[in-house]
Amino acid sequence: MAHEPANPDPTANQGSLEEQLVAYLDGELDDRSNRRIEELLATDSEARDTLERLEGTWDLLDNLDRAHVDEVFTKSTLEMVAVAASEDVEQEKSEAPRRRRRWSLAVSAGMLGACAAGFLAVWLFRAKPNDQLLEDLPVLERLDQYRQIDDVEFLELLLRSQEELFPEEVGDES
Amino acid sequence: MLEVRDDNAAAFEELMLRYQGRLVTVLEHLVHNRDLAEDLTQEVFLRVYRARKTYVPGAKFSTWLFTIANNVACNALRSKSRRREVSLEVRESGPFGARPLEGMVLASSGQLPARQLDKTEMRDIVRLALKALNERQRMAVLLSKFEGMSYADIAETMDLTPQAIKSLLSRARVNLREVLEPYIEHGDHPVPKNAGH
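From first to last, the protein sequence lines are chains R and H. For the first sequence, position 112 (counting from the first letter as 1) is numbered 112 according to our numbering, and the numbering increases by one without interruption. For the second sequence, position 6 (counting from the first letter as 1) is numbered 1006 according to our numbering, and the numbering increases by one without interruption.
The set of hints was computed from the structure by calculation and includes no laboratory data. Among these hints, one or two may not hold up.
Below are the EDC-like pairs computed for lysine to aspartate or glutamate, each with C-alpha atoms no more than 16 Å apart in a straight line [claimed, not checked]:
id, chain 1, residue 1, chain 2, residue 2
1, H, K1119, R, D59
2, H, K1080, H, E1135
3, R, K75, H, E1135
Have a look at the derived ranges for each label pair, beta carbon to beta carbon [said to hold, decoys possible]:
id, chain 1, residue 1, chain 2, residue 2, range
4, R, H68, H, N1008, 40 to 46 Å
5, R, S45, H, D1035, 46 to 52 Å
6, R, G56, H, N1008, 42 to 48 Å
7, H, R1034, R, R32, 44 to 50 Å
Don't be surprised by glycine CBs; every beta carbon is placed ideally from N, CA and C.
Same shape as in the complex, but just chain H (with noise of 0.2 Å):
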């Protein structure tokens, strides 16, 4: 990075190669989109070259760089829910106070029998319990899960302690679990275990 700060085009280059893939994988798990998630990557390069200069030494670059990641999601993601107008209240205790997965898993997958799941199915079924948490749980669970951030790293990225990280993933690993569970086990359809939280 501190090559790109110096105007290197070609360490630039390296660096895109290096981490393109791993910022679509993130944001487009974090919007659902991949056309948004590619043109959201393009506007985090954009940003790392014009912000190169005040780069500062030292400082880890995956978290300079998924700090930017996580502002330009955020400002896709509330301009995309503005322009919707639809309000996507997830509540912290549990990710299915209306049970919304319970439609989208059904049209996803049908009628699931109590049977083994296969890849493609259990790729959507997960994609759609990860759809299920909200932003914030989804971003900390994406940077822990697929860049194996610390609590500390996640915590500044996205401008959060590392306590709350902490219970930001716990909460999140719960609210997977109860909506995976019934799925792996039985092919049941979720039902939150503590819809009174």
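Pulled out of the complex, with its shape left as it was, chain R reads as follows (with noise of 0.2 Å):
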């Protein structure tokens, strides 16, 4: 439970009592810093005093001129907003065709990136029947002699009996 001080002071940790003071006159102050404002005026006259003084040099800002402007001022505003507007519209009309450009080349690039990526796409994954010729050449080069043999156990024992036959052409072979 919060404890109010037995005797609080007003300025405590919130600025000068100049401060407080003018922030009672602006009506800016909380409702407890209010109430404690308003207990010190009614036993400090030195407070009083202050906030009086304080009051009546602010009152005397009423003093100041207030500016009058004429129909002149305001026609000659209009005018300089009216011919800053059409600028502005004369620049985005000015830009406009460089922008268009600008945007078919965007176009064109962005279009010529996606063929090239599609090509790169297609080369590298499309199915490549060179390759596999390539690799059956060995074969294909001996296919006549390879259709003379019914099996490949023939051909392993027919391997065996060259090794066991001619042990050196098999090594120079090799």
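Reconstruct the complex from the two isolated chains, following the hints.
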């Protein structure tokens, strides 16, 4: 539970007394600070005097002139804004073809890029019949010889007999 | 403002009619020159028009407008002071470190006897007192006094915190009091009370 100090100091941790009095005059204090200032003002004649003097000099600012502007000023401002607006439109117009050209270039470049990417993808991933032919080339070269042999077992048997009968030739071949 | 954003010219004119006098008032007291204030007001409206598409619905228009005005005025004052090559240092603790006001007021009103100040003289003295504040204090005072803005709105306009505005306005009002009281009470020239700060 929060305890109120016995003798609250309205300015504690809240800037100078003058700062608090000015904020009080401006209606910028919260309820609690407002009450504290009013308590102080009720008991402290010096604070009351400071408040009155601050308020008095602030009221003197009412003597300052308020500007009155005539129609000429309004008209010239509007004309200036209108000129600026038309300049903006002109600039927009003059930049439009350049922007369109930039846009077409960007679209063309994009399309070209997409084509290149598509070509690359097809080239990388399409089936390659030539590669398969190259891989099978040694077999194809001896296809006629292989056709005279019925099965692989016979071929292996032939190879083993060749090794036994002509070891030098096999060694030379390898 | 939403209609202005949607390119409604009549709405823009309406907006101008509503705010142009207020803008000229604030800017004139900020830059101390009517012609420059009018030029800056036109510049502000031009910027409003050009930035109309960026206006966020729900944002307080006056805060948005005076934020632009503050930026425009700050730029103008900066370039003005660069042109003059004059350092306009105003100490935060008091508005008249080297007592510039004394000379200005003397020039404005002559030797002031202890008498009732007439309206014109009073206006001139108040204007000089306002001039003695630094730029930020002056802007905060003008927005508070003429526009009746809250600390939160002034803070948004000037890109500061509400606490900073509270301190700024407090110092400004104390400075104004120090300058104006001697004139009002005795017709004396201003003497800083807390020159030691």
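Against the structure, the hints:
{"no.": "1", "hint": "H:K1119 to R:D59", "verdict": "14 Å, holds"}
{"no.": "2", "hint": "H:K1080 to H:E1135", "verdict": "13 Å, holds"}
{"no.": "3", "hint": "R:K75 to H:E1135", "verdict": "30 Å, violated"}
{"no.": "4", "hint": "R:H68 to H:N1008: 40 to 46 Å", "verdict": "26 Å, violated"}
{"no.": "5", "hint": "R:S45 to H:D1035: 46 to 52 Å", "verdict": "48 Å, holds"}
{"no.": "6", "hint": "R:G56 to H:N1008: 42 to 48 Å", "verdict": "46 Å, holds"}
{"no.": "7", "hint": "H:R1034 to R:R32: 44 to 50 Å", "verdict": "45 Å, holds"}
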